[in-house]
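Asker: Residue strings, one per chain:
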Amino acid sequence: MKTSLYSLRYVLGSAVNGLWRNRTMSIGAIITTTIMLITLAAFLAINDTLNQMVSALGRKSNLIAYVRDDARPSDVTRIIRDLQGQSGVAEVVFVTKEDALRIFQERFTDQTDVIDILQANPLPASVELRMENPAILPSLADELRELSDTFETVVVPLDVVERLIAVSNVSRVAGTVMVIALTGVTLFVVVNTIRVAVYARRQEIEIMKLVGATDWFVRGPFIIEGAFIGVFGATMAAGAMVALYAQVGPSITQIISFLPINTNVAYVRSLALFIVLVGLVVGSIGSYFSVRRYLAV
Amino acid sequence: MKTSLYSLRYVLGSAVNGLWRNRTMSIGAIITTTIMLITLAAFLAINDTLNQMVSALGRKSNLIAYVRDDARPSDVTRIIRDLQGQSGVAEVVFVTKEDALRIFQERFTDQTDVIDILQANPLPASVELRMENPAILPSLADELRELSDTFETVVVPLDVVERLIAVSNVSRVAGTVMVIALTGVTLFVVVNTIRVAVYARRQEIEIMKLVGATDWFVRGPFIIEGAFIGVFGATMAAGAMVALYAQVGPSITQIISFLPINTNVAYVRSLALFIVLVGLVVGSIGSYFSVRRYLAV
Amino acid sequence: MIVLQGVSKTYEGFTALSNVSVSIARGEFAFLIGTNGAGKTTLLRVLLREEPFDQGVVLVNGVDISTIRGASLTKFRRKIGMVFQDTRLLPNATVSENVGLPLKVRGRSNRDVSMAVNEVLKRVALLEKASRFPKQLSGGEQRKVALARAIISRPEILLCDEPTDSINPLHAREIIELLLDINADGVTTLVATHDSDIVNDLRRRVIRMDAGGVLEDMAVGVFNTS
Amino acid sequence: MIVLQGVSKTYEGFTALSNVSVSIARGEFAFLIGTNGAGKTTLLRVLLREEPFDQGVVLVNGVDISTIRGASLTKFRRKIGMVFQDTRLLPNATVSENVGLPLKVRGRSNRDVSMAVNEVLKRVALLEKASRFPKQLSGGEQRKVALARAIISRPEILLCDEPTDSINPLHAREIIELLLDINADGVTTLVATHDSDIVNDLRRRVIRMDAGGVLEDMAVGVFNTS
Ligand SMILES: Nc1ncnc2c1ncn2[C@@H]1O[C@H](COP(=O)(O)OP(=O)(O)OP(=O)(O)O)[C@@H](O)[C@H]1O
Ligand SMILES: Nc1ncnc2c1ncn2[C@@H]1O[C@H](COP(=O)(O)OP(=O)(O)OP(=O)(O)O)[C@@H](O)[C@H]1O
Ligand SMILES: [Mg+2]
Ligand SMILES: [Mg+2]
Numbered sequence: 001m002k003t004s005l006y007s008l009r010y011v012l013g014s015a016v017n018g019l020w021r022n023r024t025m026s027i028g029a030i031i032t033t034t035i036m037l038i039t040l041a042a043f044l045a046i047n048d049t050l051n052q053m054v055s056a057l058g059r060k061s062n063l064i065a066y067v068r069d070d071a072r073p074s075d076v077t078r079i080i081r082d083l084q085g086q087s088g089v090a091e092v093v094f095v096t097k098e099d100a101l102r103i104f105q106e107r108f109t110d111q112t113d114v115i116d117i118l119q120a121n122p123l124p125a126s127v128e129l130r131m132e133n134p135a136i137l138p139s140l141a142d143e144l145r146e147l148s149d150t151f152e153t154v155v156v157p158l159d160v161v162e163r164l165i166a167v168s169n170v171s172r173v174a175g176t177v178m179v180i181a182l183t184g185v186t187l188f189v190v191v192n193t194i195r196v197a198v199y200a201r202r203q204e205i206e207i208m209k210l211v212g213a214t215d216w217f218v219r220g221p222f223i224i225e226g227a228f229i230g231v232f233g234a235t236m237a238a239g240a241m242v243a244l245y246a247q248v249g250p251s252i253t254q255i256i257s258f259l260p261i262n263t264n265v266a267y268v269r270s271l272a273l274f275i276v277l278v279g280l281v282v283g284s285i286g287s288y289f290s291v292r293r294y295l296a297v
Numbered sequence: 001m002k003t004s005l006y007s008l009r010y011v012l013g014s015a016v017n018g019l020w021r022n023r024t025m026s027i028g029a030i031i032t033t034t035i036m037l038i039t040l041a042a043f044l045a046i047n048d049t050l051n052q053m054v055s056a057l058g059r060k061s062n063l064i065a066y067v068r069d070d071a072r073p074s075d076v077t078r079i080i081r082d083l084q085g086q087s088g089v090a091e092v093v094f095v096t097k098e099d100a101l102r103i104f105q106e107r108f109t110d111q112t113d114v115i116d117i118l119q120a121n122p123l124p125a126s127v128e129l130r131m132e133n134p135a136i137l138p139s140l141a142d143e144l145r146e147l148s149d150t151f152e153t154v155v156v157p158l159d160v161v162e163r164l165i166a167v168s169n170v171s172r173v174a175g176t177v178m179v180i181a182l183t184g185v186t187l188f189v190v191v192n193t194i195r196v197a198v199y200a201r202r203q204e205i206e207i208m209k210l211v212g213a214t215d216w217f218v219r220g221p222f223i224i225e226g227a228f229i230g231v232f233g234a235t236m237a238a239g240a241m242v243a244l245y246a247q248v249g250p251s252i253t254q255i256i257s258f259l260p261i262n263t264n265v266a267y268v269r270s271l272a273l274f275i276v277l278v279g280l281v282v283g284s285i286g287s288y289f290s291v292r293r294y295l296a297v
Numbered sequence: 001m002i003v004l005q006g007v008s009k010t011y012e013g014f015t016a017l018s019n020v021s022v023s024i025a026r027g028e029f030a031f032l033i034g035t036n037g038a039g040k041t042t043l044l045r046v047l048l049r050e051e052p053f054d055q056g057v058v059l060v061n062g063v064d065i066s067t068i069r070g071a072s073l074t075k076f077r078r079k080i081g082m083v084f085q086d087t088r089l090l091p092n093a094t095v096s097e098n099v100g101l102p103l104k105v106r107g108r109s110n111r112d113v114s115m116a117v118n119e120v121l122k123r124v125a126l127l128e129k130a131s132r133f134p135k136q137l138s139g140g141e142q143r144k145v146a147l148a149r150a151i152i153s154r155p156e157i158l159l160c161d162e163p164t165d166s167i168n169p170l171h172a173r174e175i176i177e178l179l180l181d182i183n184a185d186g187v188t189t190l191v192a193t194h195d196s197d198i199v200n201d202l203r204r205r206v207i208r209m210d211a212g213g214v215l216e217d218m219a220v221g222v223f224n225t226s
Numbered sequence: 001m002i003v004l005q006g007v008s009k010t011y012e013g014f015t016a017l018s019n020v021s022v023s024i025a026r027g028e029f030a031f032l033i034g035t036n037g038a039g040k041t042t043l044l045r046v047l048l049r050e051e052p053f054d055q056g057v058v059l060v061n062g063v064d065i066s067t068i069r070g071a072s073l074t075k076f077r078r079k080i081g082m083v084f085q086d087t088r089l090l091p092n093a094t095v096s097e098n099v100g101l102p103l104k105v106r107g108r109s110n111r112d113v114s115m116a117v118n119e120v121l122k123r124v125a126l127l128e129k130a131s132r133f134p135k136q137l138s139g140g141e142q143r144k145v146a147l148a149r150a151i152i153s154r155p156e157i158l159l160c161d162e163p164t165d166s167i168n169p170l171h172a173r174e175i176i177e178l179l180l181d182i183n184a185d186g187v188t189t190l191v192a193t194h195d196s197d198i199v200n201d202l203r204r205r206v207i208r209m210d211a212g213g214v215l216e217d218m219a220v221g222v223f224n225t226s
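Protein chains in written order, with our numbering: chain A, 1 to 297; chain B, 1 to 297; chain C, 1 to 226; chain D, 1 to 226.
If you are wondering where the hints come from, they were derived from the structure by calculation, not from laboratory data. Accuracy of the hints is not assured; some may be wrong.
Said to hold, decoys possible - Label pairs and their in silico Cβ distance ranges:
(1) LEU244(B) with VAL248(A): 28 to 34 angstroms
(2) ASN200(C) with ASN224(D): 14 to 20 angstroms
(3) SER148(A) with GLU98(B): 44 to 50 angstroms
To be verified - Residues from chain B that keep clear of chain D, each with C-beta distances beyond 12 angstroms, as calculated:
(4) ILE64
(5) ALA71
(6) GLY175
(7) VAL177
(8) THR183
(9) PHE232
(10) GLN247
(11) ALA266
Heads up, the beta-carbon is just placed ideally off N, CA and C, and yes, glycines get one too.
Between the sequences and the hints, there should be enough to build the whole structure, so can you do that?
Answerer: Structure follows, in structure tokens:
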């Protein structure tokens, strides 16, 4: 018990000494960790933003279901309520016959006479959808077409929708692949840096073993050093990220004010926490494995 | 002369030895260089693709100029020719009165009677633009509005245009910032790796200086080693990139076949060449500066 | 008891020990001499289980050391104090930390360690340089630190590889006296050396090696320098 | 001609040389002796311009060495061969490469270098270990390589820091004879050593240092070991 307490103190003191006395390596490793994690965090944030942007663009796309003049208003109301509850649908707008006429007149201001000569308003009322997830548009359109008592035609500007779906799929897949790849790269580079730092101190490890140190006695300080490098690098990365978000976030939100970009504190905080956790785990595990091969003395 | 020739041979031989005999460090540095440059190349490619995708989306957006019924056909033809020559304009389509009517009828299949009761076709002919660069739409619209002899109204679906301009600007700026940042990160990490490798061999440098070596005698092999690490890492990165492009390129092109994504050989080749060049320059210059501080013996 | 029976060892084809048989009783003091490259260091490294050997048996206190693994190896090495020919000080640890390492490794308290460090540094006259780093010491001072580290844990077996190298003759004698003191407490002591004066003065057991083999084993040995 | 006038040197507050004045004629042979930490190594490092000094003047062939910079420093060092106390071999270079380095550095052809390397390795009896790396050599063998590297370029001045450390007495004598040979060709030779037998045998000039100062300067010196 006493022994392990003393050892704990030794491990911590030894780790601090190790970091300080090998500071060229330590600083190199910390800076590498910092910038790799900043890169990763920035990429996560940008990927997230781009995904949101693409989804938001998709939301513009719509489905228009023209309502039969003889449809039952209660049916229409019910369907609209159903649609509003449907996941993937962002907004449901009901355009009355009068609205349709007004829009038509606004568009063709110089041809009001065309309409004026008609006895009745020839334009139908319509239900217009703005989508959260344009991918479900085709099937939704089919469903609505079945309701032929209510709807005359269901128009889906299909080419735009397809393009948006394709773009958003590609960008989502590309983003996910890049996030995974960049995470891998970050882990690899950080671990490699630690590996090289440990390699440069392999003789220390051998000497300690020859003097009667257990594997854990040797490993301990190295793992703490690695953890410290990871956490310190990650904290600097997280700090830089939070600062950047505070600076850049609002101006992005302003430029594309119509898009609900995530710049809220909770999201940034959890991203920062995640980054620090990654640093801790990668640093300590990286050290553990880096030291291992030199322990076989 | 003879001396410098022998030295050249020495420098090359010495560099090869140095790489091999410090292979833990060399391999670490090469792998780091490789994956950093792969990341950079992938990012350049993805950024380029996304920019193209966003631009292509922008192209869907259009400007519709409704032609006066009494406009002079020769004016319209001339304007269309001018517009086709204008940079930023992707496509110019002339929709005749008859086309307009047909489109209207197709859209409102059940209201053909509405039109039928009209004595004449009330819909105007129009010139529709698909833009390469939606940013110039507003000014272009103003120009066309001036031609009030020819055009009745010029309609620009402004909200969509504005959003697209904003999104494409943000994504272009974000992309450029990320490319610059990632280039910086890549250079930094590669240089840092080389710096650490040189640090681990600082005593060699001191010994050589004490034995009467000139600075260039010491530097030479290190610079060649750095250059080799850079070029080798970059070549692997470039190879991986070309292979990936060959694999992934076609399927992306297929998924979003409507977008003219750059997967052509020339582009990939120049990107690969660029990456190798970056490796060469960063490796050798990184070594040069890393060795410098230990030469002051 | 250290017993070597027909021990051979090659480094990548080069024979460094060939058919070495020698035994050293518990509490014995012996010199290991021989030309450069005779195999003295190799023999000591084999005894510490730093280097494996190819043939033969090495018994320490009756245990075949080639079978020792893992935690037992750590325990085994804690019985041994070694002065390495190339000192092998931790470059990034102070003199105190280097000397105290064998005790730290055993989990001793900071107070115990620093008391022991002070005592042993006093014996090699390096107390005032306790907070230096190895490269801030002269060559002889570094070797004294290495010696201090080897003896601080009061090992059962003391292996000294050229303990008086780079050491001034006056201090060298003091160091040998120190080793004899320690040996008098029952510590088996094996000293590889090129210092003929000391060997000839002490008239102790001398094992002379050459080309990897034991050439002579003299109970009261002399170091013939001509 | 080497002249030191009132040279002092401190390492971060610790005085390693204090007011040293000594002069060594061209072609002279002198031993530098003194207790551990006396300042012998420091003096040699000052002469190689490895370490700066704080006070006094050091003249080598009439040139104040503290003023030498850049390319002149390289030229200056090429006049000197040094055996470092800690050998300072390149760990990643073979014996041949280590020994040949001073010639490579001077831009000599591969043939010239390998001929010279062969010759000098023969003189220290290490020819058959030419392709080994330093850590594949015994301690004494490493020191011989360091000596070979110091003499291969036929320097004007030879500075040897414990050249017989870890070397078997028989070989030690050979090495000293080699140094005397070289000195006979007019090479100014300064040998820091703890080997009293050799110093007492040779009866050459002995400069005895203590605590950073010169205590004695004897034309025909003895090494008093009691
Ligand atoms: N790692 C190695 N690889 C190859 N040969 C080695 C290695 N280590 C030592 N040798 C060789 O083994 C022989 C014995 O070496 P050892 O170090 O045991 O000699 P020693 O008696 O201690 O010599 P010294 O008195 O010079 O210290 C030497 O010829 C040496 O060159
Ligand atoms: N870098 C340094 N920092 C602080 N003190 C140092 C440094 N190098 C040497 N010293 C001290 O300077 C003094 C002289 O050292 P030097 O190496 O010149 O001694 P020496 O005469 O060569 O001793 P030895 O015979 O043991 O080799 C010693 O007391 C040493 O502790
Ligand atoms: Mg030895
Ligand atoms: Mg010295």
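Asker: With reference to the structure, classify each hint as holding or not holding.
Answerer: Evaluation of the provided hints:
no.	hint	result
1	LEU244(B) with VAL248(A): 28 to 34 angstroms	holds (31 angstroms)
2	ASN200(C) with ASN224(D): 14 to 20 angstroms	holds (18 angstroms)
3	SER148(A) with GLU98(B): 44 to 50 angstroms	violated (31 angstroms)
4	ILE64	holds (74 angstroms)
5	ALA71	holds (82 angstroms)
6	GLY175	holds (44 angstroms)
7	VAL177	holds (42 angstroms)
8	THR183	holds (33 angstroms)
9	PHE232	holds (19 angstroms)
10	GLN247	holds (40 angstroms)
11	ALA266	holds (43 angstroms)
Going down the numbered hints, you'll see the structure goes against just number 3.
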